[in-house]
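For the protein sequence lines, the chains are P and F, in the order given. All the letters of the first sequence, read from the start, carry residue numbers 1 to 291 under this note's numbering. All the letters of the second sequence, read from the start, carry residue numbers 1 to 269 under this note's numbering.
Since the hints were made in silico from the structure, they are not lab data. All the given hints hold, so there is nothing to weed out.
Derived DSS-like pairs: lysine-lysine, alpha-carbon spacing no greater than 25 Å straight-line:
1) P/K179 to P/K108
2) P/K69 to F/K256
3) F/K10 to P/K111
4) P/K108 to F/K13
5) F/K10 to P/K77
6) P/K69 to F/K264
7) P/K15 to F/K264
8) F/K189 to P/K15
9) F/K10 to P/K108
10) P/K77 to F/K264
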Amino acid sequence: MNAIEFHSLSKFYGKHRGIEGIDFSVSKGEVFGFIGPNGAGKSTAIRTLLGLLHPSSGSASILGHDVVKEGVQARLKVGYLPSEVDFYPEMTSRELLEYHAGLYGIEKGEKRIEELAQYFELALDRPIDDLSYGNKKKCAIIQAVLHEPEVLILDEPTGGLDPFMQNRFFELLESLNKKGVTVFFSSHILSEIQRMCDRAAVIREGKITAIEDISSLLSKQMKKVRLVLKKETKLSLPDGFQNHHSTGSKHNFDYVGPTEVLIRWLAEQDLVDVVLTEPDLESIFMNYYQR
Amino acid sequence: MSMNRTLYFKELKRNRKNTLIWTSIVVAFTFLILSIYPSFSQMGDQMTELMSSLPEEYARALGMDEGTWSSIIGFYSTYYGIYITLLMGIFTASTGATIVGKEERDGTAEFLLTRPMTRSTIVTTKFLALGTLLAVVYSTQTFFAVLGMNVFGDDVLWRHFVTMHVHGFVLVSFFTAAAVLFSSFLSPKLNYMGPVVGMIFGSFFLDAIAKATEQVSWLGYISPYHYLQLQAESGSLEVNWGSCIVLMILSLIMLKAGHARYLKRDIVG
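With the hints as extra help, turn the sequences into a complete structure.
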């Protein structure tokens, strides 16, 4: 059984497309990235998965529970961290977290609340309305993990957190993942995906355009090439070379294709110097977005 | 349909300040009008003369006649019909209009609806909390009205009092259910106070106009006030059980329809 499954899931708002025919699964214990530009459909997919939106067609399940027909059982095992944090302003963080614990039927949650608040340096007895956005986000993180869920769904999780707290948050995720918790991580910050995820899906205009292992994406995709030739020469570039710019004997271009082809081609040139830059994930996904 | 205790008590706590304020206003108003009755009653013939000098249409519109202010129950009924049911209705209907939609407007729906409860449980629990708030305001007002009657009046016609309060309860429940239903069709970002006040005042004045002007008496049929008399005209006031039952059934239908609408609603964020 997979932790999360999407089966041809579509959501339309009237004539407007939210997501269309989403079809993939996330294995138990996996840390799965969900990447796409703003408006691509990331939040629509997550909201449909959590029962906030009704699917137009298709289905989705969490730990084998259909999110429409067995929404309660599905959500019982899920911790959700929304991108925008809106809590009851009249409550303190402690009251909110106790309220959350009550809704999950947790009777003795105080100790765990104290531990997590200490870990994230959150003042529990201040009204939520008085908290900074970063502190509200910490409160949101605590409520997402407090009931020890089996699946964590994180939508742009680090917004508002300072780098120190982001690091603590990632450490917490890593420790939870080691205990078997599945993490579904939606973000447009690719360095986070690169750090945390095993695989990632790319969504663009409501459709999944790629599902890849992060390591394979990093290894087989585009390389930036900068080379200096002994003399000014007009280069004959084979397939896979793009964005070529030259100034005198200096050439810059991108290469997408097998590495051995690139090495063979370089060996044929009259080189003074060559620099191959390892692509960052951002360049790779920009490549996907533009397809 | 099930309920969630944690959510139920949270809703009561969340609305306690508003409930306290509105209950205090209604109780203070009840006591104020009952406390001035002894001064009016001492004016005896002058009041009867004043009442008979009122234009006939005006008196009819407000359900008053020469005998209205000759007893504490008649005096109280004028204010109960015009002000007290309106005040209670405005509080419970405006609370009903926002009790579910407020979560969406404030962005907390995302928190609440992603907990392990069905939407039906959430909406049912909120409706039960709304019913409790209505019961609190209504019963507190009734308790203080009984107290006031005993302190400031004598020879109270309790049968009339009970009739007024039964009719008042049905009317307030009807307006609350209507507010729940119409709010389920509208954007949660709207301020519902205006439409709620408009609905209740509009219903009251439709009935008043219908009573005052025979040519448009048909207008009364579209106002719930037409079916449930709140003033003791010519000393007669009986519980209209038929209308009470019909209006309560309509209220339940409106609540059920509002419930169904909320279950289908998308929370876009």
